[in-house]
Amino acid sequence: MTIKIKYFASLREQLGRAEDEYPAGPGLTVADLWTRLWPDRPLPPNTLAAVNQEYADLGRLLADGDEVAFFPPVTGG
Amino acid sequence: MRIELRDTPFEPLAELARYQDGLATLRGRYGATACFIGTMRDFNEGEAVCGMYLEHYPGMTERELEKLVAEALERYGLLEALVIHRVGAIEPNQPIVLVAVWSAHRAAAFDGCRQIMEELKSRAPFWKRETLVETETSRWVARNTPG
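Protein chains in written order, with the numbering used here: chain S, 1 to 77; chain Z, 1001 to 1147.
Certain hints may be false.
[To be verified] No farther apart than 25 Å at their CA atoms in a straight line, the calculated lysine to any residue pairs in the SDA-like style are these:
no.: 1; chain 1: Z; residue 1: Lys1067; chain 2: S; residue 2: Gln53
no.: 2; chain 1: S; residue 1: Lys6; chain 2: Z; residue 2: Arg1063
no.: 3; chain 1: S; residue 1: Lys6; chain 2: Z; residue 2: Trp1140
no.: 4; chain 1: Z; residue 1: Lys1067; chain 2: S; residue 2: Ala49
no.: 5; chain 1: S; residue 1: Lys6; chain 2: Z; residue 2: Tyr1053
no.: 6; chain 1: Z; residue 1: Lys1067; chain 2: S; residue 2: Asp40
no.: 7; chain 1: Z; residue 1: Lys1121; chain 2: S; residue 2: Gln53
no.: 8; chain 1: S; residue 1: Lys6; chain 2: Z; residue 2: Gly1059
no.: 9; chain 1: Z; residue 1: Lys1067; chain 2: S; residue 2: Leu58
no.: 10; chain 1: S; residue 1: Lys6; chain 2: Z; residue 2: Glu1004
no.: 11; chain 1: S; residue 1: Lys6; chain 2: Z; residue 2: Arg1006
no.: 12; chain 1: S; residue 1: Lys6; chain 2: Z; residue 2: Gly1088
[Claimed, not checked] Covered, in the sense of this in silico footprint (three residues per stretch, anywhere, with C-beta under 8 Å from a C-beta of chain S), are these stretches of chain Z:
no.: 13; segment: 1018 to 1032
no.: 14; segment: 1048 to 1060
no.: 15; segment: 1109 to 1123
Worth flagging that the hints you see were computed from the coordinates, not collected in a lab.
Don't be surprised by glycine CBs; every beta carbon is placed ideally from N, CA and C.
All chains should be built: construct the whole structure from the sequences, respecting the hints.
Below, the structure is given as structure tokens:
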């Protein structure tokens, strides 16, 4: 099982990709996941995260099959 | 409650009238209807804008909208709520969002409608990319105006 990652809007364009996958492992948090995927790129300030389509903080522990999303502040309405 | 995302232009006042016509069981119970319509401007941050693309997060956007509307229904004791929001390519003067609420009295309607709109602005995963007239280039809108 893996964790599925999605990127949106300006973040997706900066990274040059819309999706990633990463193997799930014990004790892996949202912040850890970013660092493993992008070791040379600190998480941009104000980036929001969601786990399974609900807002989550960076300390949230991840499990097999989770869908994680990273995106910039929202600008709808 | 009805939440809809549309990828084509819509007419907010016709949608509101049609939805209210369908509220047969609420007839006689609501004394107040409040609505907010957001329309695309042809300027932003001092520059002329000729188009916009609204990106969203399919699944999470609908879910977050349902949550924030349910919170307003509960908090203000609203009887009904309708939210329609555009996604995709939008042109100036086209409606972006309709929020309409129904309640017994006006205070709940005004306040509930305002709360839905403010929460939508700060929580619902939508991102605007606008095209500028002068340079014909596009840029991500970094933040919403404060009010």
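Status of the hints after comparison with the structure:
no.: 1; hint: Z:Lys1067 <-> S:Gln53; verdict: holds (12 Å)
no.: 2; hint: S:Lys6 <-> Z:Arg1063; verdict: holds (17 Å)
no.: 3; hint: S:Lys6 <-> Z:Trp1140; verdict: holds (18 Å)
no.: 4; hint: Z:Lys1067 <-> S:Ala49; verdict: holds (17 Å)
no.: 5; hint: S:Lys6 <-> Z:Tyr1053; verdict: holds (19 Å)
no.: 6; hint: Z:Lys1067 <-> S:Asp40; verdict: violated (36 Å)
no.: 7; hint: Z:Lys1121 <-> S:Gln53; verdict: holds (17 Å)
no.: 8; hint: S:Lys6 <-> Z:Gly1059; verdict: holds (12 Å)
no.: 9; hint: Z:Lys1067 <-> S:Leu58; verdict: holds (22 Å)
no.: 10; hint: S:Lys6 <-> Z:Glu1004; verdict: holds (23 Å)
no.: 11; hint: S:Lys6 <-> Z:Arg1006; verdict: holds (22 Å)
no.: 12; hint: S:Lys6 <-> Z:Gly1088; verdict: holds (19 Å)
no.: 13; hint: 1018 to 1032; verdict: violated (count 0)
no.: 14; hint: 1048 to 1060; verdict: holds (count 6)
no.: 15; hint: 1109 to 1123; verdict: holds (count 5)
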